[in-house]
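Sequence lines, in order, name chains A and B. Using my numbering, you'd call the opening residue of the first sequence number 1 and step up by one each time. Using my numbering, you'd call the opening residue of the second sequence number 1 and step up by one each time.
No false leads were slipped in.
Okay, derived cross-link-like pairs now, EDC-like style, lysine to aspartate or glutamate, Cα gap no bigger than 20 Å in a straight line:
#1 K254/B - D75/A
#2 K191/B - E129/B
#3 K254/B - E71/A
#4 K41/A - D53/A
#5 K158/B - D39/A
#6 K41/A - E157/B
These aren't lab readings, by the way, just hints derived from the structure by calculation.
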Amino acid sequence: MTQRQQILYLWANGSALDSGTVGWAFHDGTDGAGVPLPDAKPPYATGVAALRDGWMLLQSSQLSAPFPGNEHLNDYLEYEFVFERRVDAATGKERS
Amino acid sequence: MAEFVANGFIRFEAIVPSDVNKRGIEEMRRLELERFAPEGLKPPHTGTPLDECYPAPSVIGEYLRLPQIRGIIESFVGPNPTFDHDFTHHIQPHATYTQPLHVDAVTDSPDTTFDVQLFWYPHDVAPGEGGTRFVPGSHLRRVRSSGLDRYQHIAGEKQFAGPAGTVVVFHHGLWHAGQPNPGDADRWMHKVRLNPAVPQVRLWNTDDFAELQNPPSDHVFARMLPDSVAQILRTMHPWMSITDYRNEQIQRAKLWRYLTGDDAYDVDHYLTRLEGRAALVGS
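Modelling step: build the complete structure from the supplied sequences, incorporating the hints.
Next up, the structure:
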C-alpha cells in the first residue's frame, strides 16, 4: 500500500495540547485526494480536537528558558505542535 | 500614536483625493515599466531627503506633498525624512500567487527607532481581492524574515480592503504579505519606506498628551485611569499567549518612552519593578 502524509501545524496560546489554537498550516502529500481540513477557522480549537479527528502528534516544541537579556523579547510563535495523517494513496482514505 | 505602538499600523481612510488616485495609477504603471529600463521614469536614489524626491511634474510626488500626507509622515519620522526605497505592487486579475508572510529587510537592531512604510491604495479594494495581509501587533517581535513562511494562518490577521485613496502606515517590523487577486481588476499599491532623520520624540500633535499620559503607577491589578495611553497599550491580539502579551506591553512601554521622552513611563509596573530592584544591587 502506498501511503502519503498530510501534515498539520498548530500553534497554541499555551504549552499544553489543549491550549487554544492561534495559528495553523496544512501541507497535503495527497495533493487533494485525502480528507481535507474542517472548514472552521481555526480548523481545530485545540490540539486535542485534532487528535480526536484522527491526527497523530509527531512533535511538540521544547520548553526553553530565555537567554539572559532576552527575557522580554518575543520572536516566533512559541508553542508549535506538528501532526500527521497517513493516507492510502490509492483510496484517499486514512490508513487503518 | 498609542494605537500605532500597540498595533503596528494606522489607517487613513480615503485620504488621497480622487483625481490624484486616478493619475497615480498611470504613474505607477509607468514606474513599473520603466524602473529597470534604460530610459524613463526612475525612483529617487536611496538616501535622498524626501523634499527632493519626485519633483514636479510627478503624481507620486504630488501625493507625497499633500499636506495631509506630509502631516502623517512628519508625525512619525519628522519633517524631512530620508527616502529609503519605494515600489509599485501590481497584482493582476486572477493572480493566484500567495506571498509568504514576511518582514521587510533584515532582523533589526534592538533600539526603539523605527522606519515607516506608507501603503497607498489608489483604487477601491474589495474584501479578498488582493489587499495586503498583515498581522496586527507583530511589529516588535524579533524574527528572521523567512522564518515566517511557515505561518499560513494566524488568528486575528487582517487583509486590507477599503476605498480608493486609503493610506496605511506600517511600522517597518509588521508581518505582512501580498495576496492572490481573484477579482477582475488590477490591484495597484505604492509602498514607500522612509527613515527618520531626527529623534522621533513628540513629533505628532500632542495637544491631548497631558490628559492621556498615565503615571507609571497605572496598574491593571491596582489602580488604573479609565482613559489613558496605558489602556491602549494593553491591547491583546487574538494570537498572543499571556507571556507574549506581557512581553509586548514591556516593548510597547519602551517604545512609548522613546516617542515621548518620558523615561519613567510604564504600563502595569513591569519596567518600574525591574528597574527598582536592579537599582538595589547597583552597577
